[in-house]
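Undergrad: Let the sequences and hints guide you as you build the complete structure.
Line order of the protein sequences matches chains P and E.
Per this note's numbering, the first sequence starts with residue 1, numbered consecutively.
Per this note's numbering, the second sequence starts with residue 1, numbered consecutively.
In short, the hints are calculated from the structure, not lab data.
Backbone N, C-alpha and C fix where the C-beta goes; we use that ideal spot for every residue, glycine too.
Check the hints yourself; a few may be wrong.
Claimed, not checked - What follows is a list of derived Cβ distance ranges for each label pair:
no.	chain 1	residue 1	chain 2	residue 2	range
1	P	PRO28	E	PHE446	22 to 30 Å
2	E	ILE202	P	LYS10	26 to 34 Å
3	P	GLU52	E	ALA226	19 to 27 Å
4	E	LEU78	P	PRO28	36 to 44 Å
5	P	LYS10	E	ASP170	38 to 46 Å
6	P	GLU32	E	PHE502	52 to 60 Å
7	P	HIS29	E	PHE446	18 to 26 Å
8	E	ARG53	P	GLU32	38 to 46 Å
9	E	TRP614	P	GLU49	55 to 63 Å
10	P	PRO28	E	VAL430	32 to 40 Å
Unchecked claim - In silico contact screen, one side only, chain E against chain P (beta carbon under 10 Å); selected entries:
no.	residue
11	ARG156
12	ILE223
13	GLN225
14	LYS229
15	MET233
16	LEU252
17	GLY353
18	LEU455
19	SER461
20	PHE464
21	ASP515
Stated by the list, open to error - Quick list of in silico lysine to aspartate or glutamate cross-link-like pairs, EDC-like style, CA-CA up to 16 Å:
no.	chain 1	residue 1	chain 2	residue 2
22	E	LYS137	E	ASP170
23	E	LYS218	P	GLU49
24	E	LYS444	P	GLU32
25	E	LYS181	E	ASP151
26	E	LYS344	P	ASP64
Next come the chains, spelled out residue by residue.
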Amino acid sequence: MQTNLIPLSKLNKGQKGIVRQIDEQLLPHDVELEAGELERRILEIGIIENIELKVLHFGLINRDPIAVQVGGDGTTIAIRRNESEIILVEPIK
Amino acid sequence: MHSEKHLKDKNLHHQQEQVKTSHVAHGQNLRVALVGKPNCGKTALFNALTGSRQKVANYSGVTVEKKHGYFSTPQNTLITLVDLPGTYSLRSRSPDEKVTRDVVFNQFQEEQAVDLIMAVIDATNLSGCLRLILELKQTGIPLIIAMNMSDIARLRGYEYDIKKLSAMLDCPIIETAATKKTGVYELACELDKFKQGTHVHINQWQEPDREMVRSYHKRVHEIIQAVEKRKGMPSVWSHKIDQILLQPVLGLIILLTILFLMFQAVFSWATIPQGLMQDFFDSAQSYVAALDPNSFAISLLANGIIAGVGSIIVFLPQILTISLFIIILEDTGYMARAAFLMDKLMGGVGLHGRAFIPLLSSFACAIPGIMATRTIENRKDRLVTILIAPLMTCSARLPIYTLLIGAFIPVKTVWGFANLQGLVMFGLFVAGIFSGLIMAFIFKFFFFRGDRQPLILELPSYKFPNPYNILIELIKPAKSFIKRAGTIILAVMIIIWFLSSFPTPPVNATAPAIDYSIAGIVGKFIEPLFAPIGFSWQIVVALIPGMAAREVAVSVLATIFALSGSDDSVRQSLAVILQHQWSIATALSLIAWYVFAPQCISTLAVAKRETNSWRWPIVMFAYQMLLAYGASFVVYRITLSLIH
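TA: As structure tokens, then:
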């Protein structure tokens, strides 16, 4: 794991990052899915390695869930803080 | 004949045969499966192609809606368009997605194999849509692509080399804008080309694992690099709107305001046409009844059919109003935002954010609500949502609420703007919601312990709702409501009229005729059971057929009181009769009963079908019966002690 990588959940509102790694092993609270499934679902909706994410919105309580813009063309995805821990991004200044 | 047999053969051997030629001659039928990602405008395209020639049924064994539409192409090919649930992949993780896969792979016995897949892609989000296309290519079934929302894509600056994309994907691509009906004709023309015979290749699809998903994405990336002439801008409007609607505090306030508005609308706008319809049925009933006071046939027509069915039909405006709100929220893309805003709050009681949409649909009717839970992947989450869906106040309870609120709650303006009756109605909805949340927590905590399922949800760009679409979607609940009124409710009304009219009273009778009837005898027999909560025997009689459909209870009361009225008494509206006959405690008790009312038989049947066991509908029935009795008891006793 590269040292400059942080989980998506650590990005602030408005901050951008490039996805470098998606790794299920990092999940803090189990979500009762078979191995590989969570990773696959995240990939299927379009969050993949080397794509740019921008944090757009947070929910009211504990800033959860998180809404992120995926790639340049603006698909917005909502994801819970817990699951966003497995997406490691390289923050863009 | 030859081709019919051929189709049957194909049906049987579709999977095994290597290369297959389908000869579909002029004037023949073609089965086309409509497949696409959620939010790509698939339903709008389905409506644009088929108009109102649609048929909704269920796949046997599973409970997913089977939506077929019919149209003919310029060269008279009859097309059966099978609308499939939106899916991100052909692999199935929810019951909804399983249907899409099973239809594509011809797994349903009663369904013929599809000849052709029409895939819908969103021109503003090619990267999100092409992976599914690559998967569909693997199935070997001929493919036509409708590149939908091309008008919006152009506005936002997207430009693609469609010819090249078509060549790379090896299938025709037609640009469409379903909401404006552009490209729809061209799409139909393209279907005609399949008549000459097309090769069906062997199925090479296999469930993609995460590495395969990655390689699909890579291929999509390459394709987009090759065909993208100009990159468009994300929807500026959607982002601006989201700045307000997803603002944590303001967003929730707006959501609650929308819900509040929805209920006020039901109680103020919808009552105008309702009043007119009520007047019409009232005068029709008096007119018919006056024709021949001594004839049983006339009595059946006036007091059974017109009073009964009429008292239900008048609720059509309210049902349309609430359906209209839900359709617009769905169409504009707001529903997904609601799930985003509510996820954490609902998580507090163990519900999934996705449960919000089924629960909101349950305000129209618990049946579509329970069916909408199919988008919830996890079984436990799904069961909890199904169990509490009937606590959301469905539109069939509106007749009871409207009647009782109209009769017992004064018309008053409070806080300068709100109508007190509307406010009480809102309170009843809130009571339903809160008890639903509490029950969800209890179920989750005691019966379905486990970790929470993930939330990964796309928030689609906002769209202006398309009036044509709204109209088509609005006709559906109206149709099914009228159909219910014309069948189940009509049948129940005739039976009730019969039970309330026979046996006829003795010649020297002093009490109203109904007291001597079967309904009166049965009602009085069970009455002691409901005496502690203040229900009279008339209510008890009304509750029984109310199980068939809740709204029937109103008609039954209408029939009973119509039959107990003596000839010389002035015909009064049901509300006025109730004001004289019932105490406020009884009325409030009945209202409380209906907040929790054990659901109608159709809801239980759907719950049985969805959960595939009798266990859950029985649990559902039992817990709601207990809640209803308990709530009515408390309300009745408290009101009595306050009066005295």
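Undergrad: Hint by hint, say whether it matches the structure.
TA: Right, here's what the structure says about each hint:
no.: 1; hint: P/PRO28 <-> E/PHE446: 22 to 30 Å; in the structure: 26 Å, holds
no.: 2; hint: E/ILE202 <-> P/LYS10: 26 to 34 Å; in the structure: 48 Å, violated
no.: 3; hint: P/GLU52 <-> E/ALA226: 19 to 27 Å; in the structure: 21 Å, holds
no.: 4; hint: E/LEU78 <-> P/PRO28: 36 to 44 Å; in the structure: 55 Å, violated
no.: 5; hint: P/LYS10 <-> E/ASP170: 38 to 46 Å; in the structure: 44 Å, holds
no.: 6; hint: P/GLU32 <-> E/PHE502: 52 to 60 Å; in the structure: 59 Å, holds
no.: 7; hint: P/HIS29 <-> E/PHE446: 18 to 26 Å; in the structure: 21 Å, holds
no.: 8; hint: E/ARG53 <-> P/GLU32: 38 to 46 Å; in the structure: 43 Å, holds
no.: 9; hint: E/TRP614 <-> P/GLU49: 55 to 63 Å; in the structure: 48 Å, violated
no.: 10; hint: P/PRO28 <-> E/VAL430: 32 to 40 Å; in the structure: 35 Å, holds
no.: 11; hint: ARG156; in the structure: 9 Å, holds
no.: 12; hint: ILE223; in the structure: 15 Å, violated
no.: 13; hint: GLN225; in the structure: 13 Å, violated
no.: 14; hint: LYS229; in the structure: 14 Å, violated
no.: 15; hint: MET233; in the structure: 8 Å, holds
no.: 16; hint: LEU252; in the structure: 6 Å, holds
no.: 17; hint: GLY353; in the structure: 7 Å, holds
no.: 18; hint: LEU455; in the structure: 5 Å, holds
no.: 19; hint: SER461; in the structure: 7 Å, holds
no.: 20; hint: PHE464; in the structure: 17 Å, violated
no.: 21; hint: ASP515; in the structure: 58 Å, violated
no.: 22; hint: E/LYS137 <-> E/ASP170; in the structure: 9 Å, holds
no.: 23; hint: E/LYS218 <-> P/GLU49; in the structure: 10 Å, holds
no.: 24; hint: E/LYS444 <-> P/GLU32; in the structure: 15 Å, holds
no.: 25; hint: E/LYS181 <-> E/ASP151; in the structure: 11 Å, holds
no.: 26; hint: E/LYS344 <-> P/ASP64; in the structure: 7 Å, holds
Comparing the model with each earlier hint shows violations of hints 2, 4, 9, 12, 13, 14, 20, 21; every other hint is respected.
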